[in-house]
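4 protein chains.
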Amino acid sequence: MDVLIIGGGIIGSSVAFELAKRGASVTVVERGELAQEASSAAAGMLGAHSEFSTDHPLIPLALASQSLFPSIIAELVELTNINIGWNDVGMLKIATTNEEDRKLMEHYEFWRRIQPQHVRWLTAEEVAQMEPYVQTDYGAMYTIDQQVDARQLSLAFAHAAIAKGARFLPYTEAYDFVFDDERIVGVKTTRGTIYAKQIVIACGAWTPFFAEKLQLSLHMYPVKGECIAVTTEKRLLRATVFAKNGCYIVPKANNRLVIGASALVHSFHKTVQACSVHELLARAMRIVPELAFATFEGAWAGIRPQTKDGMPYIGEHPQYANVFVVTGHYRNGILLSAITGRCVSDMVEGKEVPFDMTPFSLTRKEGKHALHH
Amino acid sequence: MDVLIIGGGIIGSSVAFELAKRGASVTVVERGELAQEASSAAAGMLGAHSEFSTDHPLIPLALASQSLFPSIIAELVELTNINIGWNDVGMLKIATTNEEDRKLMEHYEFWRRIQPQHVRWLTAEEVAQMEPYVQTDYGAMYTIDQQVDARQLSLAFAHAAIAKGARFLPYTEAYDFVFDDERIVGVKTTRGTIYAKQIVIACGAWTPFFAEKLQLSLHMYPVKGECIAVTTEKRLLRATVFAKNGCYIVPKANNRLVIGASALVHSFHKTVQACSVHELLARAMRIVPELAFATFEGAWAGIRPQTKDGMPYIGEHPQYANVFVVTGHYRNGILLSAITGRCVSDMVEGKEVPFDMTPFSLTRKEGKHALHH
Amino acid sequence: MDVLIIGGGIIGSSVAFELAKRGASVTVVERGELAQEASSAAAGMLGAHSEFSTDHPLIPLALASQSLFPSIIAELVELTNINIGWNDVGMLKIATTNEEDRKLMEHYEFWRRIQPQHVRWLTAEEVAQMEPYVQTDYGAMYTIDQQVDARQLSLAFAHAAIAKGARFLPYTEAYDFVFDDERIVGVKTTRGTIYAKQIVIACGAWTPFFAEKLQLSLHMYPVKGECIAVTTEKRLLRATVFAKNGCYIVPKANNRLVIGASALVHSFHKTVQACSVHELLARAMRIVPELAFATFEGAWAGIRPQTKDGMPYIGEHPQYANVFVVTGHYRNGILLSAITGRCVSDMVEGKEVPFDMTPFSLTRKEGKHALHH
Amino acid sequence: MDVLIIGGGIIGSSVAFELAKRGASVTVVERGELAQEASSAAAGMLGAHSEFSTDHPLIPLALASQSLFPSIIAELVELTNINIGWNDVGMLKIATTNEEDRKLMEHYEFWRRIQPQHVRWLTAEEVAQMEPYVQTDYGAMYTIDQQVDARQLSLAFAHAAIAKGARFLPYTEAYDFVFDDERIVGVKTTRGTIYAKQIVIACGAWTPFFAEKLQLSLHMYPVKGECIAVTTEKRLLRATVFAKNGCYIVPKANNRLVIGASALVHSFHKTVQACSVHELLARAMRIVPELAFATFEGAWAGIRPQTKDGMPYIGEHPQYANVFVVTGHYRNGILLSAITGRCVSDMVEGKEVPFDMTPFSLTRKEGKHALHH
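Sequences listed follow chains A, B, C and D, in order. Read in the UniProt record's numbering, the first sequence has 215 at position 215, and its numbers run on one by one without any break. Read in the UniProt record's numbering, the second sequence has 116 at position 116, and its numbers run on one by one without any break. Read in the UniProt record's numbering, the third sequence has 4 at position 4, and its numbers run on one by one without any break. Read in the UniProt record's numbering, the fourth sequence has 341 at position 341, and its numbers run on one by one without any break.
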């Protein structure tokens with residue numbers, strides 16, 4: 001086999017799909033079901049604009065990834081017939097306090113310079129016309145933001161990879177590496193040793209524990225994110241609404257709305273806290289008061305990989321040239337999945353990556369570009 | 001057959017059990033699964049003191065029913081081996097506002113006169129010692145209050161009735177009556193007509209629609225009650241805590257806590273509203289702040305039968321002497337199930353009921369005894 | 001209001017959609033959730049050919065309904081954005097015994113005369129090439145058969161009707177009619193009386209109990225159908241496979257396969273029998289042996305309305321000209337939903353229906369056209 | 001801390017309970033929820049006789065463990081109030097083929113010599129009287145066999161340990177050891193490094209991958225076991241029925257029956273195969289034909305740790321005297337949990353274990369005592 005990927009989440013599956021398309025012989029090992037961690041828990045926004053209000057090394061990748069999606073979605077649906085729930089109705093950003101007002105304007109001003117054609121300032125009347133249930137004095141509309149069902153997208157990458165010849169082994173846990181004369185030649189798994197020329201580690205928040213076995217210290221920590229879902233009798237929102245207080249409401253099919261997300265650092269405890277349900281409901285009802293009468297459907301959590309400087313790790317191991325690590329996408333894993341699959345595939349093939357990847361290198365000094373939320 | 005009971009909830013099942021014990025040939029028709037409505041949704045308090053702060057016709061029945069439970073539970077467990085989750089750790093009533101303070105004291109004073117041996121005033125220190133996670137300045141402890149798993153109790157009544165010879169027909173819907181010369185001789189159901197000498201209608205909130213077919217107008221309406229459940233790593237409560245603001249927290253096995261309940265009048269819509277989840281969490285966290293960190297498990301709703309004067313309907317039909325109606329127990333259906341089974345059985349057998357049942361008659365004038373909450 | 005529809009299943013929802021499109025003011029009452037009975041339990045085949053091997057009055061409606069679907073699906077998706085899971089990969093009919101061989105050929109010969117362009121006989125080699133996992137000596141391919149997610153289609157009809165102005169009232173149970181001088185002017189429901197000019201009764205297997213209240217005796221009975229679902233790692237089937245032994249296997253998204261269906265007459269008991277799970281698995285593994293290694297996902301049941309002569313009831317009440325009854329579609333409710341919506345709307349509007357509806361009249365003599373299975 | 005236990009299943013929890021009772025400071029790390037693997041999947045038989053027809057080193061432990069349960073259950077219920085579902089109605093072993101007849105008699109003869117007071121041969125008439133729904137020509141009744149709800153027992157051990165001062169850390173994954181000068185001083189986990197004087201590895205089927213990190217090669221493999229559950233309207237069985245064909249039917253509360261179990265070697269794939277559901281139903285219906293009409297509830301799988309010689313590993317690491325390994329209980333983990341907790345606690349405390357533990361040593365030569373099934 002050419003490439004072994006550890007981790008069957010959206011990043012591992014996207015890399016597998018891209019490599020399989022390029023002709024590689026790919027195997028993915030996943031210790032449980034596919035897409036069971038952060039990949040399934042995400043609300044599925046493909047919002048290239050959400051996270052950035054100033055220049056940031058991730059912006060080129062975010063924009064590139066966003067622009068890839070329409071064609072990738074079509075390709076995945078063609079190959080797998082999976083319902084990915086994609087749409088491109090855009091994202092309405094709003095503010096709920098004076099402090100947030102300031103940040104919203106900064107955000108708007110920043111993006112107006114970069115993508116004037118895709119961002120639009122809305123007055124209260126304009127908001128009322130477009131999204132009559134949203135309580136806000138004004139808003140900024142990012143017209144090209146898209147969204148998906150994150151779990152279905154992740155499964156679609158996996159099944160499309162399978163359609164292209166990749167092999168996925170669920171319930172197969174990697175627990176150590178096999179060395180031969182200072183080189184890594186394979187991985188020990190609960191199904192036995194699997195040998196591979198190249199290895200990609202894409203285990204989300206669990207990645208640092210693998211990296212440690214290879215003398216690589218990643219400055220990372222888990223951040224639990226909790227979401228709730230409600231349904232309504234009539235459609236309350238067209239676009240995703242993202243308040244600067246951190247609360248977002250993402251409209252899905254069948255009048256279902258996903259409301260996210262908390263951020264509990266340093267927690268692998270995949271349960272939902274009572275206070276998070278309370279707080280998410282409080283925030284969402286402040287933005288869309290009509291939500292008070294929505295039907296509560298449930299709540300869930302996912303464990304997202306965050307890094308100390310807010311930048312993902314995407315790169316080659318400093319000693320073991322055939323080992324690649326890709327993790328740390330935090331809240332941007334769904335958005336960045338498409339471009340990450342391509343960049344990692346370039347690296348694995350030894351091609352030049354068409355982006356500056358030095359900010360994401362595994363051995364970087366901690367950077368100054370922490371994300372603003 | 002001697003007796004046909006319409007309704008497989010806790011009231012119908014309790015009546016079936018008692019009648020079967022007395023030798024009657026009993027059939028129960030239930031349109032869905034047994035105990036699927038209010039009987040399953042209840043938090044399961046057997047709190048004879050909860051609802052009353054002044055003299056009330058239900059008090060004798062409530063106290064009698066409560067005192068029956070220890071022996072009935074033993075009998076049901078013996079017959080069915082169902083885990084009913086019974087315990088008698090008592091109920092702590094507390095206040096969260098000045099207005100509630102006043103009501104709490106009235107409540108305490110009322111019960112101290114009636115049952116001085118079972119009620120105790122607790123200072124902040126005493127509460128802190130008994131229930132250290134509860135935030136309150138003082139409380140009143142009702143030491144003989146009990147609780148059960150309401151659904152399991154309801155199923156235990158049904159299976160104990162079966163053990164005594166009764167027949168339960170789930171997925172069998174009654175939709176009309178069969179008359180013979182001005183007498184009712186049977187019931188049309190989706191399994192065909194069932195003939196019976198006597199008929200008991202115990203359909204909870206759906207009872208008035210049957211009663212109407214018999215020219216009986218019951219002054220009733222449905223009240224949706226919503227509950228949530230959380231679990232905690234350590235045990236936070238020993239006793240049930242019932243705040244005068246209407247919020248109660250009932251500790252169950254495995255560190256599970258049931259928090260109830262909302263009261264939405266005139267709703268058969270068995271879904272959970274977002275605002276109710278928010279409000280129940282808010283109230284519960286005010287009483288036990290540690291609940292903020294509990295694991296949220298889920299939410300559900302039940303439709304409870306309330307009457308205009310707050311009194312159940314338990315009695316014989318004014319025209320059709322072989323038809324009995326029993327409904328309207330609102331929040332007291334679990335508590336009153338034991339005594340209701342006995343009283344209705346007495347009526348069916350033509351015996352004298354050892355309580356004054358006139359306040360519950362089907363033809364009463366609307367009374368003045370509305371329940372205080 | 002113009003029209004009140006009793007029943008929020010696929011038939012009631014389709015009628016509501018069509019009437020709302022034509023400008024009527026429509027209300028639908030449903031006693032529980034929408035699409036909760038047979039409409040959700042169906043495997044979702046739109047197989048106009050499945051049920052008929054000889055001339056039959058339903059064939060024109062079945063073919064017309066099938067041909068309507070591609071455009072209706074597009075319309076529903078446009079209006080509701082619901083994922084209906086529609087595809088038109090066709091249906092492969094096979095035989096598993098000599099007796100079935102004979103029936104399969106009769107079936108093929110019958111359809112070859114009617115739709116030679118849409119049916120094709122396949123040799124073992126041809127089957128092996130198209131559906132390599134199917135064990136059969138030959139088969140008949142019905143190339144235009146389609147399939148959907150039945151529950152999603154039903155919800156899409158409902159939400160599209162809402163988009164066109166209809167009102168749906170879930171948890172609202174109709175229990176009697178309101179008469180005014182020998183005319184029916186409304187319906188009593190658990191939300192109060194609803195007045196309407198015209199009333200459509202579309203309650204599936206529960207319809208005869210309503211009809212009885214209007215002195216209409218329908219010769220009907222419930223037939224429980226049970227299904228199971230499995231998932232596989234790779235795609236085993238492209239087309240739906242329907243064996244003449246009554247077992248069908250319907251491929252859904254994400255390598256999910258729905259296997260149906262049992263037929264237990266006279267049962268409203270919506271649970272799944274152990275022997276049905278056993279028998280469905282046995283039959284399916286005989287057709288596709290590889291299914292032995294599929295992951296078992298679950299089982300469910302639905303209660304379908306069957307009539308004594310196998311013909312639906314679609315028509316006007318003989319006495320109450322403003323009351324229409326539509327039920328008895330048995331295994332063809334999903335397929336016939338589209339055309340039924342149109343025909344009933346024509347009747348309600350007093351227009352001529354472009355099909356011979358006399359075989360479906362409410363007062364017909366029992367016919368000779370029982371369906372062959 | 002004194003002792004760190006890796007693994008929050010029934011074995012780790014039982015050891016934690018016993019050590020905490022003896023005064024040790026105990027922490028248990030579990031990578032997911034407690035009792036989520038084999039401990040929850042088991043049918044819960046405490047059948048000391050099930051597995052042995054000849055002398056076997058496990059028999060003394062099995063009998064000792066079984067005799068401990070009545071008092072341990074009482075202790076756990078007292079400490080935790082968890083419903084463990086214990087009863088001691090015994091086990092009826094039967095044969096379904098001639099070959100099984102021979103084995104059943106051997107089994108009976110073996111146990112009649114050892115425990116004549118607890119085993120009884122039953123004629124067809126006697127079986128018919130005791131278990132009228134069981135189809136068999138004769139049977140052997142093991143009157144002291146007991147059963148529990150395996151998951152609840154596992155949680156009760158954990159919560160009783162907590163009541164005695166132990167600390168349980170769910171969602172905390174151990175992934176490596178910390179060495180200090182050739183000694184193991186702690187464990188790296190996803191919550192950081194935890195130091196401990198002594199370490200117990202009790203990870204069920206996942207144990208060999210930890211052992212490997214300590215140069216310990218355990219001859220083990222996973223065996224997937226699948227079960228199904230059904231419910232019946234009336235009680236079909238009093239005792240557990242265990243056929244020599246490997247199928248057992250365990251009666252639980254509320255007329256629920258657990259039917260087990262398949263045995264798929266070398267599989268960590270925690271899904272249920274379609275063919276297993278089919279086969280379990282077929283076997284169970286052969287033993288109790290009435291089960292055909294039971295309601296199918298669902299199916300699940302667990303991954304059990306089996307060893308090459310069928311003997312558990314319970315012992316001290318040959319090099320690291322402060323590390324203990326306990327695994328490999330295969331189908332006897334629930335039964336052996338009580339005695340294992342005591343034996344391992346003795347080892348940890350440096351006391352003599354009152355059984356011959358050499359057959360279970362970590363460095364034994366593969367033995368000759370493979371279990372007969």
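A portion of the hints provided could be inaccurate.
The list treats identical chains as one, so a pair stands whether inside a single copy or across any two.
Calculated cross-link-like contacts (lysine-lysine; reagent style DSSO-like; alpha-carbon spacing at most 30 Å) [what the hints assert, rightly or not]:
#	residue 1	residue 2
1	K234	K197
2	K252	K270
3	K270	K164
4	K197	K213
5	K21	K197
6	K103	K21
7	K188	K234
8	K213	K270
9	K234	K252
10	K365	K351
11	K21	K234
12	K351	K188
Don't read these hints as lab results, they were simulated from the structure. Keep in mind it's a predicted model, so treat the numbers as computed, not measured.
Quick rundown of the hints versus the structure:
With identical chains, the CA atoms of K234 and K197 are at most 30 Å apart between copies only, with a shortest distance of 26 Å across copies and 54 Å within one. With identical chains, the CA atoms of K252 and K270 are at most 30 Å apart both within one copy (23 Å) and between copies (23 Å). For the homomeric pair K270 and K164, the shortest alpha-carbon distance between copies (26 Å) is at most 30 Å, but the shortest distance inside one copy (33 Å) is not. Taking the shortest Cα distances, K197 and K213 sit within 30 Å of each other both inside one copy (18 Å) and across copies (24 Å).
Taking CA atoms no more than 30 Å apart as the test, K21 paired with K197 passes inside one copy only; the shortest distance there is 18 Å, against 52 Å between copies. Taking the shortest Cα distances, K103 and K21 never come within 30 Å of each other, neither inside one copy (42 Å) nor across copies (46 Å). Taking the shortest Cα distances, K188 and K234 sit within 30 Å of each other only across copies (25 Å), while inside one copy they are farther apart (52 Å). In this assembly of identical chains, K213 and K270 lie within 30 Å of each other by CA distance both inside one copy and across copies; the values are 25 Å within and 27 Å between.
In this homomeric assembly, K234 and K252 come within 30 Å of each other (Cα to Cα) both inside a single copy, at 12 Å, and across copies, at 28 Å. In the homo-oligomer, the alpha carbons of K365 and K351 lie at most 30 Å apart inside one protomer (24 Å), although the nearest pairing across protomers, at 52 Å, exceeds that limit. Only between protomers do K21 and K234 lie at most 30 Å apart by alpha-carbon distance; the minimum there is 18 Å, versus 42 Å within a single protomer. For the homomeric pair K351 and K188, the shortest alpha-carbon distance inside one copy (28 Å) is at most 30 Å, but the shortest distance between copies (37 Å) is not.
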